[in-house]
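> Got chain A sorted already, so can you dock chains B and C onto it with the hints?
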Amino acid sequence: MAEESGITVAELARHLGGELRGDGARVVRTVATLEQAGPEAVSWVGDQRHLRQLEQTRAGAVLIGRDIEPPAGRTVIRVADPDLALCDVLRVIGPSPERVPPGVHPSAVIGAGAVVEGAAIGPHVTIGARARIGAGTQLHAGVYVGADTRIGRDCVLWPNVVVRERTAVGDRVMIHSNTTIGTDGFGYLQRGGRHHKIPQVGRVVIEDDVEIGANAAIDRARSGETRIRRGTKIDNLVQIAHNCDIGEDCIIVGQCGISGSVTLGHHVLLSGHVGVIDHVRIADGVTVAATSIVFGDLAGGRTYRGSPAVEKMVFGRQQVSLQRLPKALAELRALTKRVEQLESAANHPETG
Amino acid sequence: MAEESGITVAELARHLGGELRGDGARVVRTVATLEQAGPEAVSWVGDQRHLRQLEQTRAGAVLIGRDIEPPAGRTVIRVADPDLALCDVLRVIGPSPERVPPGVHPSAVIGAGAVVEGAAIGPHVTIGARARIGAGTQLHAGVYVGADTRIGRDCVLWPNVVVRERTAVGDRVMIHSNTTIGTDGFGYLQRGGRHHKIPQVGRVVIEDDVEIGANAAIDRARSGETRIRRGTKIDNLVQIAHNCDIGEDCIIVGQCGISGSVTLGHHVLLSGHVGVIDHVRIADGVTVAATSIVFGDLAGGRTYRGSPAVEKMVFGRQQVSLQRLPKALAELRALTKRVEQLESAANHPETG
Amino acid sequence: MAEESGITVAELARHLGGELRGDGARVVRTVATLEQAGPEAVSWVGDQRHLRQLEQTRAGAVLIGRDIEPPAGRTVIRVADPDLALCDVLRVIGPSPERVPPGVHPSAVIGAGAVVEGAAIGPHVTIGARARIGAGTQLHAGVYVGADTRIGRDCVLWPNVVVRERTAVGDRVMIHSNTTIGTDGFGYLQRGGRHHKIPQVGRVVIEDDVEIGANAAIDRARSGETRIRRGTKIDNLVQIAHNCDIGEDCIIVGQCGISGSVTLGHHVLLSGHVGVIDHVRIADGVTVAATSIVFGDLAGGRTYRGSPAVEKMVFGRQQVSLQRLPKALAELRALTKRVEQLESAANHPETG
Chain A
1 MAEESGITVA
11 ELARHLGGEL
21 RGDGARVVRT
31 VATLEQAGPE
41 AVSWVGDQRH
51 LRQLEQTRAG
61 AVLIGRDIEP
71 PAGRTVIRVA
81 DPDLALCDVL
91 RVIGPSPERV
101 PPGVHPSAVI
111 GAGAVVEGAA
121 IGPHVTIGAR
131 ARIGAGTQLH
141 AGVYVGADTR
151 IGRDCVLWPN
161 VVVRERTAVG
171 DRVMIHSNTT
181 IGTDGFGYLQ
191 RGGRHHKIPQ
201 VGRVVIEDDV
211 EIGANAAIDR
221 ARSGETRIRR
231 GTKIDNLVQI
241 AHNCDIGEDC
251 IIVGQCGISG
261 SVTLGHHVLL
271 SGHVGVIDHV
281 RIADGVTVAA
291 TSIVFGDLAG
301 GRTYRGSPAV
311 EKMVFGRQQV
321 SLQRLPKALA
331 ELRALTKRVE
341 QLESAANHPE
351 TG
Chain B
1 MAEESGITVA
11 ELARHLGGEL
21 RGDGARVVRT
31 VATLEQAGPE
41 AVSWVGDQRH
51 LRQLEQTRAG
61 AVLIGRDIEP
71 PAGRTVIRVA
81 DPDLALCDVL
91 RVIGPSPERV
101 PPGVHPSAVI
111 GAGAVVEGAA
121 IGPHVTIGAR
131 ARIGAGTQLH
141 AGVYVGADTR
151 IGRDCVLWPN
161 VVVRERTAVG
171 DRVMIHSNTT
181 IGTDGFGYLQ
191 RGGRHHKIPQ
201 VGRVVIEDDV
211 EIGANAAIDR
221 ARSGETRIRR
231 GTKIDNLVQI
241 AHNCDIGEDC
251 IIVGQCGISG
261 SVTLGHHVLL
271 SGHVGVIDHV
281 RIADGVTVAA
291 TSIVFGDLAG
301 GRTYRGSPAV
311 EKMVFGRQQV
321 SLQRLPKALA
331 ELRALTKRVE
341 QLESAANHPE
351 TG
Chain C
1 MAEESGITVA
11 ELARHLGGEL
21 RGDGARVVRT
31 VATLEQAGPE
41 AVSWVGDQRH
51 LRQLEQTRAG
61 AVLIGRDIEP
71 PAGRTVIRVA
81 DPDLALCDVL
91 RVIGPSPERV
101 PPGVHPSAVI
111 GAGAVVEGAA
121 IGPHVTIGAR
131 ARIGAGTQLH
141 AGVYVGADTR
151 IGRDCVLWPN
161 VVVRERTAVG
171 DRVMIHSNTT
181 IGTDGFGYLQ
191 RGGRHHKIPQ
201 VGRVVIEDDV
211 EIGANAAIDR
221 ARSGETRIRR
231 GTKIDNLVQI
241 AHNCDIGEDC
251 IIVGQCGISG
261 SVTLGHHVLL
271 SGHVGVIDHV
281 RIADGVTVAA
291 TSIVFGDLAG
301 GRTYRGSPAV
311 EKMVFGRQQV
321 SLQRLPKALA
331 ELRALTKRVE
341 QLESAANHPE
351 TG
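Chains as they are written, first to last, in the working numbering: chain A, 1 to 352; chain B, 1 to 352; chain C, 1 to 352.
Here chain A stands alone, though its shape is the one from the complex (with noise of 0.2 Å):
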């Protein structure tokens, strides 16, 4: 973190493996925009729009495309994608996240046989039997880590996170604030008009790179498991059932419901507030449309809309059928109006 002291244009080339021209030696302490930058602030042309506003800008350093010669006299790093490169930029002159210190905090409870080695451990963390915490992750204050729980490698769980028992978790996972996993799934027998619980003896596994927002809540299988796999990104508020198994690299944006047993493939992405009914099969790559509802199984790679989804072009046509409605019945009443006249006509031809 070098958010008080900055770092050199030339530490921050280095940093990115960029290709450095101008003045190494400028600090640079911010990230802004091409036309906010000041002399200690880094901006980045991510597009060539940007090009004209390049040769304008105060700012102290500026990442830029390889294929850019830059105008003379500016100071700039050329890297391959400078879009990228600004999102290391900001780890490193910040502001940071916050980050839990190293070791365990006193105030924390750790269950029998929990093996903690290498981890931050905040304050008021509890942290179940037998569970493991792999090194160099942070369990933020408040978080509650059930018994036989696994969580890997360099993982963020931020405060009051609860993952319940027999969870696995990969590595380089974060789960924001209030989010629950491995929560029962919801499953009862009717039974006399009463509903008996069935025990959810299943779990979550979570894979690598996922990232989970705050207040969400992914159910444990009834048995077997909830898998979500590597590289999904899931969005606050977002419900996933009992023995869903969301493929890798999919999208999930808030507020989003997945019912039970759901799979999704490989590059799903669902925007927000979309609903998906239980053991509907969605395939890859497939787009489903803000607030739509998906029935039934989607085939891959198109974008779907509405409730009940469907192809967007289909849903274009009915939303334009809808406009078009009040007019067509108007124009219906007219229409029969005629009709009865010509039918008229026709039956008193001498009146005519």
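Source of the hints: derived by calculation from the structure; they are not laboratory data.
Keep in mind that a hint or two might mislead.
Once the Cα atoms are required to be at most 25 Å apart in a straight line, the calculated PhoX-like pairs of lysine-lysine come out as [to be verified]: (1) K312(B) / K337(A); (2) K337(A) / K337(C); (3) K337(B) / K312(C); (4) K337(C) / K327(C); (5) K327(B) / K337(C); (6) K327(A) / K337(C); (7) K197(C) / K327(B); (8) K337(C) / K337(B); (9) K197(B) / K337(A); (10) K327(A) / K327(C); (11) K197(C) / K327(A); (12) K327(A) / K337(A); (13) K337(B) / K327(B).
Stretches of chain B that chain C covers, calculated by requiring three or more beta carbons in the stretch to come under 8 Å of a beta carbon on chain C [unchecked claim]: (14) 180-186; (15) 190-198; (16) 336-343.
Listed next, the stretches of chain A that the computed footprint assigns to chain C, with coverage defined by at least 3 CB atoms under 8 Å from CB atoms of chain C [claimed, not checked]: (17) 86-95; (18) 211-223; (19) 231-244; (20) 250-261; (21) 277-290; (22) 338-347.
Computed from a predicted model, the values in this text were never measured in an experiment.
Even glycine gets a Cβ: it sits at the ideal position worked out from N, Cα and C.
Same frame as chain A, now just chains B and C:
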């Protein structure tokens, strides 16, 4: 918990009150389907369709109905209701949910005059003054119980549940992690463009055998009570607003939102993502399909769907009409032309 | 708090700045409607329609407007606004919300350089380095306040609220349990099919007199600010994404979802379950009906409904059209037959 050591089929039969046929000395340790079961697994015939698989299974023991004559040489336990018995088996041979050890964890903070005899109080729990926690009840880590709240016997509150002051919770209630019970209802007086908070002086009453999922919110009443009646089951991320009265044995699936002063009868089923507008009354035995929105009172014993929710058959006709609409608009245009031709012919009979 | 001992009507009149008529020595202990009130209850005439009940009530004292001449023999307190005065009465005679005792609970963990003078800090609270908590503010059990966060005066954060680092919270703000403020915005760069996290270096600013319900999530800005302006009230389970700017005195009802970079003007009312697509601007004084989805900018001072949200009258016409649709389709079929007959007659005039 017999997870490690297993249990003999004879012991299991006794526990279930079932009739043993075959080798009672066998030890079983797990539950699996007829297809997947090995010799240490219990399986079950929940359905006549499974009978053929019963002949081929490798399961150590099989739960079957009393009306089924077991094939020779099979070890079976005959019970009145194999599905229900299976739930009991899962409770016996686990894996069991994590339990809070008996007694009060030294890190818990217990308010003046609070009574916790016979309850199991986990780490970092806070219990307000004069609260009463029943015997056999488990409060997992990080739970908060407010002043003057009463929690009955044999309840389980999972980590980080919040139950605010003056709430009443019955016996055998389960509340999942990060759920909030008894937060203020959402009510303001508008005066001169500002919103003045109306004090929410009522409370929440949760009757026996209710289960509430994770990350849900149930508001206290403005005055009087918000009440969840006996045996009702509520899923994750559900919102129940102030002064609602939810009947007995209802099922409320994930992400439903129930506005203020709504009344539900008994055995109402709200599927996922359903919304109910304030002051609506839903009668006994109503089912509302997923993602429907209820804008008015619903008569009992029927199924409703759509937004606004209408009877299922009406909804079905609407959907069929909608699908026909684009074609109908084209037909209307074509018909208009044909009428024009007829009119033209009628006006100019000589050219007909 | 006078819950136990009650308060004389004279004292109450003084507290309200009202004009006493009748017996000021009476003691009142509770609030009830005119019909239900007994001699120890305060009641109120919020509306001319209640005047008749005023004559028959058994209430110990009644709040009435200054424009109303009280019936002889009644004990009343005349005030400018009986509804508003009733809120004050409820605050005086309770039951009051639970309060955190002054000072810092010994189990709380206070970071280096944090300032908590005059605040009430409950059990198991964690406060980050350099955070500042204003005088009169209550942090209930299990609250987390991140490093460098500032919380103003006379705020209440209910149990298990999380306010992440570098957040700014004004005065008299109330945040309900299990809500998360300042969690990372949901933003990734897609490269080669993988999602690379964009550091979320912005923050959240919550201005004075805001109230936020339970289990809600408000994301920090990617850079810059997510801002909730003065006097806005937000209900349970609401999601507000990164870089939103929510105007003054708005009302956002339960389970609304507001996507990134949305701007709301002042006095906007979003009813329950409303969704707003990213980058939309909603002007001052707009009302959006429950469960609508806003896909585009909305002009000020009007009411919108539907998905996509349209002006209420347009929505009404659409709904009427939809209800007529099944009948219209039948009429279209019948009309087509009549046209066929006319055509047939025109083509075969001899058989007409």
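> Return the numbers of the hints above that this structure violates; sort them in rising order.
1, 3, 7, 9, 11 and 21
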